[in-house]
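Peer 1: As a plain string of letters, each chain reads:
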Amino acid sequence: MNRTWTTARWALASLALIAGSFFFVDAYADGGRLMPANPPAAYMQECASCHLAYPPGLLPARSWQRLMGGLDKHYGSDASLDAVTVQQISGWLQAHAGTYKRVNEEPPQDRITRSAWFERKHRKVDPAVWKLASVKGAANCAACHTGADRGVFDDDNLKYPAGMDARMRRSFND
Amino acid sequence: MRSKPAWLAESACLVLVLMLIQGAARAADTSPAQQLERFSAQAAKPGQAERGRVVFTSRQGGEWSCASCHGNLPTQPGKHASTGKSIAPMAPAANSNAFTDTAKVDKWFRRNCKDVLQRECSAGEKADVLAYLIGLRP
Numbered sequence: 001m002n003r004t005w006t007t008a009r010w011a012l013a014s015l016a017l018i019a020g021s022f023f024f025v026d027a028y029a030d031g032g033r034l035m036p037a038n039p040p041a042a043y044m045q046e047c048a049s050c051h052l053a054y055p056p057g058l059l060p061a062r063s064w065q066r067l068m069g070g071l072d073k074h075y076g077s078d079a080s081l082d083a084v085t086v087q088q089i090s091g092w093l094q095a096h097a098g099t100y101k102r103v104n105e106e107p108p109q110d111r112i113t114r115s116a117w118f119e120r121k122h123r124k125v126d127p128a129v130w131k132l133a134s135v136k137g138a139a140n141c142a143a144c145h146t147g148a149d150r151g152v153f154d155d156d157n158l159k160y161p162a163g164m165d166a167r168m169r170r171s172f173n174d
Numbered sequence: 001m002r003s004k005p006a007w008l009a010e011s012a013c014l015v016l017v018l019m020l021i022q023g024a025a026r027a028a029d030t031s032p033a034q035q036l037e038r039f040s041a042q043a044a045k046p047g048q049a050e051r052g053r054v055v056f057t058s059r060q061g062g063e064w065s066c067a068s069c070h071g072n073l074p075t076q077p078g079k080h081a082s083t084g085k086s087i088a089p090m091a092p093a094a095n096s097n098a099f100t101d102t103a104k105v106d107k108w109f110r111r112n113c114k115d116v117l118q119r120e121c122s123a124g125e126k127a128d129v130l131a132y133l134i135g136l137r138p
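First to last, the protein sequences are chains A and B.
Read in order, the letters of the first sequence correspond to residues 1 to 174 in my numbering.
Read in order, the letters of the second sequence correspond to residues 1 to 138 in my numbering.
Derived by calculation from the structure, the hints in this document are not laboratory data.
Bear in mind that the values here come from a model prediction, so they are computed numbers and not experimental data.
Just to be clear, a hint being listed does not mean it is correct.
Sample of chain A residues with no beta-carbon within 12 Å of chain B, all distances over it, derived [stated by the list, open to error]:
id : residue
1  : 49
2  : 66
3  : 72
4  : 73
5  : 137
6  : 164
When the alpha-carbon atoms are kept at most 25 Å apart in a straight line, the in silico DMTMM-like pairs for lysine to aspartate or glutamate are as follows [as the list claims (entries may be wrong)]:
id : chain 1 : residue 1 : chain 2 : residue 2
7  : B       : 79        : B       : 125
8  : A       : 73        : A       : 46
9  : B       : 107       : A       : 46
10 : B       : 79        : A       : 174
11 : B       : 45        : A       : 78
12 : A       : 73        : B       : 63
Where is the CB? At the ideal position from N, CA and C, for every residue including glycine.
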C-alpha cells in the first residue's frame, strides 16, 4: 500500500512538472506571427539586452550575414561576441531570414527601418514622433507596438508613446 | 500511508529544488565584491568610489558616458541611448544580478569601454567603477 502511494506521488509530481513545462513552451511558442518559436537563448541574451529581439524575417539573409560579420561596429556600438556565439546566432538568423518579396531586398545599411516596406508602413507618422524621449528612434518598435517583443506588429496592438500632442496623435491614427 | 497534505508538500519541495537547480545553472559564479577584489588585485591598488563616479558619469572624448545608457543614478533602471530599451540598474543594491557572472562582466566592460573611451578600460578603472557602484544605496 505504502509503495503504491509513493509511486503515485512521484507520478503526480512528474506529471505536474511536465504539464508546467508545456505551459512555458506554449506561452513562448504562442509568440505571434513573426517571431519563430524557441529563438536561441544566446539571441535573447546577447541581442535583446540592448534592443528588441527583432524577428529574423524582417531582413534578408545577406543583410544578417553582413551584420553578424561586423558586430564590433554595430550601428555605433561595440557588440562583439565570441566566434562560437556569433556563428550560432548568425546561423539561426539566416535560417529564418525574410524571403517574402518585400523583405528580399537588402535595405541601406542593413537597417530594418530603411526598408521600403517599413517606410511605406510608417509614412504617415509625424517625424516628431520618432524624436520623442519615449521613442528615441524608429528602432524602438516597442514604443508603440505593444506586442513587439512577441513578434506581433499588427495595428490592433498599438499604444501612444508618452509625450504625443494632438497633431502627432492625428498623424498616428491616420 | 501518509496524508494528502504530506505528498502535496513533498511535490512542492521537489518543484522548488528543481527550480533552484535551474536557477543556479544560469549564472552567479561570482559576486560584486569578488569582482572588485579581482580588478583591485590586477591594478595593484584598491578601487576608489569617487574616481569611479567620475569615470562613470563623464564623457571621455566620445559621444557617450556610461551614464548615457545606465543613468546618472545607477540605482535606477537605465535606458539605452540609441534604442531606448530599458536596462536593469547597475548598482548591486538595486539589482541582485549585477556583477554575478564573470564572463558577462568581462564582455560588457570590454564592449562598453570601447564605446565610451575608444579603448578597453584598465583594471584600475574597472575597480574604481565597481567600488562606486557597490557603494550606492537605493
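Peer 1: Confirm or reject each hint.
Peer 2: Status of the hints after comparison with the structure:
A beta-carbon of chain B comes within 12 Å of the beta-carbon of residue 49/A; the shortest separation is about 8 Å. For residue 66/A, the shortest C-beta to C-beta distance to chain B comes to about 19 Å, beyond the 12 Å cut-off, and the non-interface label holds. A cut-off of 12 Å between C-beta atoms contradicts the statement that residue 72/A is not in contact with chain B; the least separation is 8 Å. Not every CB of chain B lies more than 12 Å from the CB of residue 73/A, the least distance being 10 Å, so the non-interface label is violated.
Separation of residue 137/A from chain B is inadequate, the least Cβ-Cβ distance of about 7 Å not exceeding the 12 Å criterion. Residue-level check passed: residue 164/A sits 15 Å from the nearest beta carbon of chain B, beyond 12 Å. Our distance criterion of 25 Å between C-alpha atoms is met by residue 79/B and residue 125/B, whose separation comes to about 23 Å. Restraint check: the Cα-Cα separation between residue 73/A and residue 46/A comes to about 15 Å, which is no more than 25 Å; the hinted pair holds.
For the given pair, residue 107/B sits about 10 Å from residue 46/A by alpha-carbon distance, which is consistent with the 25 Å threshold. In summary, the hint linking residue 79/B to residue 174/A is not supported, as the alpha carbons are separated by about 29 Å, beyond the 25 Å threshold. Between residue 45/B and residue 78/A the CA atoms are separated by roughly 28 Å; this puts the pair beyond 25 Å, and the hint is violated. Taken as a hint, the residue 73/A and residue 63/B pair is honoured in the structure, with Cα atoms around 15 Å apart against an allowance of 25 Å.
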